[in-house]
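Be aware that the first sequence starts at -4, since it is given in our numbering, and climbs by one per residue.
Some hints could be false.
[As the list claims (entries may be wrong)] Taking lysine-lysine pairs in the DSBU-like style, the calculated list, with each CA pair at most 30 Å apart, reads: (1) 8 to 243; (2) 154 to 264; (3) 98 to 243; (4) 98 to 278; (5) 264 to 243; (6) 366 to 261; (7) 98 to 69; (8) 264 to 149; (9) 149 to 8; (10) 149 to 75; (11) 69 to 264; (12) 267 to 69; (13) 267 to 278; (14) 69 to 210; (15) 69 to 149; (16) 366 to 75; (17) 154 to 261; (18) 8 to 154; (19) 278 to 366; (20) 8 to 210.
None of these hints come from the bench; they were simulated from the model.
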Amino acid sequence: MSLRVLDNLSREKRDFVPVQTGQVGMYVCGMTVQDRPHVGHMRAAVVGDLIRRTLLRRGYRVTYVNNFTDVEDKILARAKEEGCDYLQVAQRNMTCYLEFVDKLNILRADHYPRATEHIPEIQDLVQRLIQQDFAYPSGGDVYFRVERFPRYGKLSGRKIDELRSGARIEVGENKDNPLDFTLWKGAREGEPSWPSPWGPGRPGWHIECSAMSMKYLGENFDFHGGGLDLIFPHHENEIAQSECATGKAFANFWVHNGLVMLGGEKMSKSTKHFFLIEDVCQKIDPRVVRFYLLSTHFRSPIEFSEIRLAEADQALARLLGAVQAANERLGPTLPRDGLDPVTPEEAGSEEARRTIDAFNEALDDDFNSAKGLGHLFELARAMNRWAGERETPEFRTALEGGRRVLVDLAGWLGIDLLAPSEVCEVPEAVEELVRQRTRARAERNWAEADRLRNVIQEAGYSLEDRDDQTIVRPLR
RNA sequence: GGCGCCAUAGCCAAGUGGUAAGGCGACGGUCUGCAAAACCGUUAUUCCCCGGUUCGAAUCCGGGUGGCGCCUCCA
């Protein structure tokens, strides 16, 4: 069975064949670090991580690159506003991004290249384009000559003719043609700049991604990802400049994630219409946020709201509950050693074996995490059923295998079902109330027991009376 | 205006030619002192509308309607 991926450039779903056998190169466009990351930025990161983990699970070695564009108009504007160096602004936002990469259980990239640290590579690329007449210096800037690339527009479905009608040359630009875009931007007063053959200046937007992806992944690599809103002009321009410079195809599979919506409108930093990930994670377990993000296919838009998150919380609690039920029956789970995917031999039941197959099939079909997640719930139900049966060797085997499969498959989605909840400490005062209630129950004083339960619930804890004990949990 | 994507139950969401996964919610039952959790069952004769292709369509084609994205910075 093969991995099938929809490529946004060819608009076809094709079998995935890596450029180099067994090895995958992947580039995901990260943020322009003018501000702190919002949920939309993190969706792109989670989607990239989903793709990466799926490839890892299939045994590929993956080189994963996630860039930062750290010099750009808006960053400079922000620095000016705050009266500090632009690199301070960039650094602060990068640090914040990485903090939530960790919180959302996104594997760290192999490289987080920054534009300002790749000026020589960028200049080399610009030089290559100039030498082949794909680019021209003009008034201290360097522009890409769009008309020299007839296939310009192939990713976004645009035609040069159509684009031309709407384009204009802005004041201060020195373009031969309105469609031409900036590769190198001549220095302005008070702005950071680097010396170059065309005069002091800084990189334009787009060129850094071409230069850095080529440096770490080669001129032709496997996956290029990022938000749908980057298709035009960013990715279109990357393709143009890269393919002209090298004469080779750039990325083989373009995988764009759908946008995070707020009240039916795109979450976006430029319109101030967004939720910062740090604010969301203050209130919501990051595991829930990740679950929510994976519960819709990555190409579709996803509505962000408290209700959605609450539903995700309930749903995830079901998965957690099945593991919990198994733990209570079997004892705690031993963490698996190594990263090898769970095998059908370890499944312990027909249900769990079917779950593995169905899960693999879902993820292998264009990384369908929503479908894969669905199959996990079917297993969870079976496990709860087994946990409720009288113990026999058969049920024990099934439950053990089910737990192993559930934890392993969820783990490949980056959802750790073994991690303790964020808040699990129960204060002594609450424990004391629980003990009082247990005594009341022993005396069959139901009125008092119920009164105490209400008090405990108002304090934020739920109770579950079992045969021999009462389980206290923080109220969701 | 141009290009593109989408429309599945009360809500969310899989499903791209073979007769509607899954989650949340609701309702009924089992369990329980009562609950909670869990389990069992019910909750879309039908997939925005109208035509067409086909033995057969949520799935393909044509035409509507509605929503969103891109065309300027954007994950």
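What are the numbers of the hints the structure violates, in ascending order? Numbers 3, 5, 10, 16, in rising order.
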